[in-house]
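Whenever a hint applies, use it, and build me the whole structure from the sequences.
Letter by letter, the chains look like this.
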Amino acid sequence: MKKDLTRNILTSIALASAFAVAGCDAEQSAAASAPSNTVVADSAFIGVPSPAIDPREWTDASLPEEIFSGHGIDFDEGAEIYATVCAGCHMPDGTGAVGGGMYPALYENENLLAPDYAIYMVLNGYRGMPGFGRHLSDAQVAALINYIQGGMNTYEPQATAQLVAENRDPSNVYVGGMRRQGAQDPRFMLASQTSVSSRAGGASTGVASGGSSPAASEMTLASAAPVAMQGAARAAVQSATTTQTSATQNNPTVSPDESPAITNGAIRHKTPGSTFPILMAAEVPSPTSLVYLSGTVPQLVDKEAERGSVAAYGDTRKQTETTLASIETKLKSLDLTMSDVVKMQVFLVRPEGADGMDFSGFMEGYTQYFGTDDQPNLPTRSVFEVAGLANPGWLIEIEVVALREGAKSEVATAATQVNAPAVAETPKAIRHKIPNSTFPIALAAEVPSASDLVYLSGTVPQVINKDAERGSLEAYGDTKAQTETTLASIQAKLESLDLTMGDVIKMQVYLVRPEGADAMDFAGFMEGYTQYFGTDEQPNLPTRSVFEVAGLASPAWLVEIEVVAVR
Amino acid sequence: MSLGLRLFAVAIDSAWIKLGEPASMQTTTRRDLLTMIGVAAGGTAMYNAMSALDHAEASNYAGPISLDGAPAGASVLILGAGVAGMTAALELRAAGYAVKVLEFREKAGGRCWTLRGGDQYTELGGATQNIDFAEGNYINPGPWRIPHNHYAVLDYCGRLGVKLEPFIQKNHNAYLHHTEAFGGKPQRFRHIASDYRGHVTELLAKALNSGRLDDMVTPDDLEILLESLRATGVLDSNYSYHSDRTMSRLRGYDRDPGAGPNGAPLPSTPIDPSELLRSRLWDRLAEAEDLEHQTPMFQPVGGMDMIAQAFAREVGDLITYNAKVISLNQDDNQVTVTYQALDAGGDIRSETADYCVSTIPFSILGQLDHNFSSEMTSAIENVYYVGSSKWGLEFKRRFWEQDERIYGGITYTNQPIELISYPSTGFFEQGPAVLLGGYTWKSEETYEFNAMQPEERIKWALKFGSEIHPQYAEEYKTGVSVTWHKVPWVLGCFGIWRDKDAHYQNAIKLDNRVVCAGEHLSYRGAWLEGGILSALNAVSTLHQRVVQG
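Line order of the protein sequences matches chains A and B. Going by this note's numbering, the residue at position 125 of the first sequence is 125; the numbering climbs one at a time, nothing skipped. Count along the second sequence from 1, add 567, and you get the number used in this note's numbering.
A portion of the hints provided could be inaccurate.
Dumping the calculated BS3-like pairs for lysine-lysine here, alpha-carbon to alpha-carbon at most 27 Å [what the hints assert, rightly or not]:
id, chain 1, residue 1, chain 2, residue 2
1, B, K730, B, K674
2, A, K318, B, K1067
3, B, K752, B, K1030
4, A, K318, B, K1076
5, A, K480, A, K466
6, A, K303, A, K318
For the record, the hints were derived by calculation from the structure and aren't laboratory data.
Spelled out as structure tokens, the structure:
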């Protein structure tokens, strides 16, 4: 039968090409989409003239009301969403269509075995296909994909709203009812993790990719609130004792033919069915040392441009390139390479005038360093849009964690040979100084596998003026004062755990822009910070990154700090 | 920022909200603001505001193109016989190139397309519609109106002998309709426009007279400003907008001026300002104010494809129809294109040429077997195609003219069909006539319409339209519905860049021996003008390369 033949042809085309995700190489997809000679048969449609319509004969029941509810796509069931939206191009039975070009078949399309690939396509579109992120909620996308997997096809339905949320770009917010309202950009706030945990001596540490970001427009994950954690944060905590190969809750399936590769000291778990150049999870077996790098920022590319301007540093793509080049240099100074990176957090600032962060610009830079022929090792990764960075010209800051294989003693030797780092009095961690710099943070901190890691929840400021109105800025003071009380609070927490500020090896600082100011008060923060780090009494420096975020759990808080210590 | 804009912003901030503090003002979108600015401060403020936002641009057509220098017999293969492809063909042949054109369809024009009685259209999925319009009636599923400042289109129409007539964009007697406002009863555009302007100018006058804007207006200007508000808002001597004969000259009367015992007019009464605001009917007031919809607009006599037919008269001898391109490969010496001859059993054939101009939409070009550079490939993959739905509905008589005195122009509605546009031609004729029963794009409803079969789409358009014109049920004769994601030769209505800044310059370059053109490669996306300007840029780029070697 012609139809069956067409279906087979379309399926084979779709299998090979249709859903190569961003970063696919042109040659592969072009070759795969070269149409077969036989497809032409389908362009000779069998036409059936429409019967005459007489509006006088209608009853209201003949036109279902819910399809045009006035609120965008109002269906919750996957089959209904498919029938009312997707079926137009991919056809009611999922067999696609062929004209001057073609719409790929979704029926018997094995790319759809894994949900993350389908989620990417539905949210963002690809090539000529529009994205539906603004039209469909997380739950609707999940329902739709589960229908395509388990209803249209006989695959296991695997999508969840949570998984969709994690893969949603922050600029791609569900709006609904596009015809009547403009899209509002999200306020996006960073999460801080929620528990104190230590790395057990013999266990492996799983680190999972967080996708790009949560989707909710006002996602605030305060340290006090036991709400769901996102991506890497959740998995890192959850996996303190886990040894299973897959660290994410929502994606427990690893197909047998995708056995994880063990490279550069890490067991790298690919995302099944996806060519997107990040890992689903990386597993760190012992004995392996973790090497934390301070947040790395872009390099000046135009010395003529105004200081602190974006022009001086280039666009997101350029800044990604110089930042990654800089990370590569740092790693090299530690006798490591990009292939040793297992975890990456990327913080992007929205370019002026743009709707959101320039994720594709970042990807263009990123894919030059990861997933290439020369450097096939992939890290786990999360990408966030933050409100600002320490320099107004920066659009990106990247934090990475690398691994060093081998025993502690070898590590210490290697590090000493390479860069003559100042080895702290404690062998729990090796702190590598930034060469020729007095800036009070470490270039990198290396944690041998015998050391325990202690994660602290995000710590927030203390009330310094009890007479001021509850929850007011006056009650907590300015950025400097808030930094001081926050660090004092961290110190107290550490002491309760028999640790000191000298044990902190990693710090992430989240600052809120004070009302009326142009940017976060980085200088104020530094004034508080330098009272605790790099002093005569406490010379140990942590690795560090500082971000401006849109808000914290209390409107009066300007500071939240997360630290990791070693024992 | 113009004075009007600033003043109006103040008015929104202070005075207006006090009228009833409508909740909707809390969520004023940029579009709403622009719309209101356009209405309150007139076209200039609107234009200034939009220019600042890069929305209003003038065509950069520089007159007939001149391709000087001998092309030395170079051959060019053009892919696509739409308006962009035929522009390229016409100009390149005139400059002495050996030109061939491959076209997927059985005729020329691409999206410049008109459906008439006797035509048949088969969309993706196989549904075929046999168009049954009366003689002379038609619908333009694609482009349907030409702005007065689309100089390239107008120039080619002149050169190719395409007769143009006015297209009526704005009709004060057409309707603005919202299912939740005024009990769902459509309101005359004139009433909403006049009342909106009257109420806003009254508010501004009040704010000025109470000294609240003294820091923004000098005493001398204040006096002139007040005078202007009275004139443009049609306020009385106390700067009040209320029911009187003065304002009725704009707004209309409850009883029109005439003769005889009841010849004296009765003034009409304005709509309550708060109700007007909450109705959101102001949303479409400025639709005809932007550069591309200002009066006058034009349409070809007899249908938009008169332009395509005129081009085809010039270059039709160069076109191979029913040729579905499947690959495009180039090396240092030539470009080779293979295609299926759809009218010859799908035979694979090939053409080679020194150069190639591809006007194939990126939705399809990206699926070909090609060897474009990685920059060009990235650009091609950066463009997605939005859908759009249109309806041509033929009724037994022009009830909109005969019953409602609407002669051309557009009625806007909040329903999924978005608008109804009445024919700009054939006024007062007695026979059947075709109106545009809806025009959607980008919205969720467009996807929902796209997923339906033609008959179902038409039923919906009739249902929505009958909310405005109850005559629909009795007068409907026949109809056709086109939804652009199902149009086989485009797979969408027009291209939208995910990141135009990053890719546009790469996409318009000569990529070795191939240069691309089409509306998607212009800053006049979705307009014929964009396709022609892009084609002219492409042939200039190509010619420069040939002449300079």
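Given pair status - K1076(B), K318(A), alpha carbons within 27 Å: Measuring from Cα to Cα gives roughly 22 Å; hence the hint holds.
Check the hint pairing K303(A) with K318(A) against an upper bound of 27 Å on the C-alpha distance. holds (15 Å)
Keeping to a limit of 27 Å between CA atoms, is the pair of K318(A) and K1067(B) held or broken? holds (17 Å)
Proposed proximity, K674(B) with K730(B) (alpha carbon, max 27 Å): holds (21 Å)
Agreement of K480(A) and K466(A) with the hint, judged by alpha carbon distance not exceeding 27 Å: Between K480(A) and K466(A) the Cα gap is close to 18 Å, so the pair holds against 27 Å.
Hey, K752(B) versus K1030(B), does the alpha-carbon distance stay inside 27 Å? Holds, at roughly 15 Å.
Hint violations for this structure: none, all hints satisfied.
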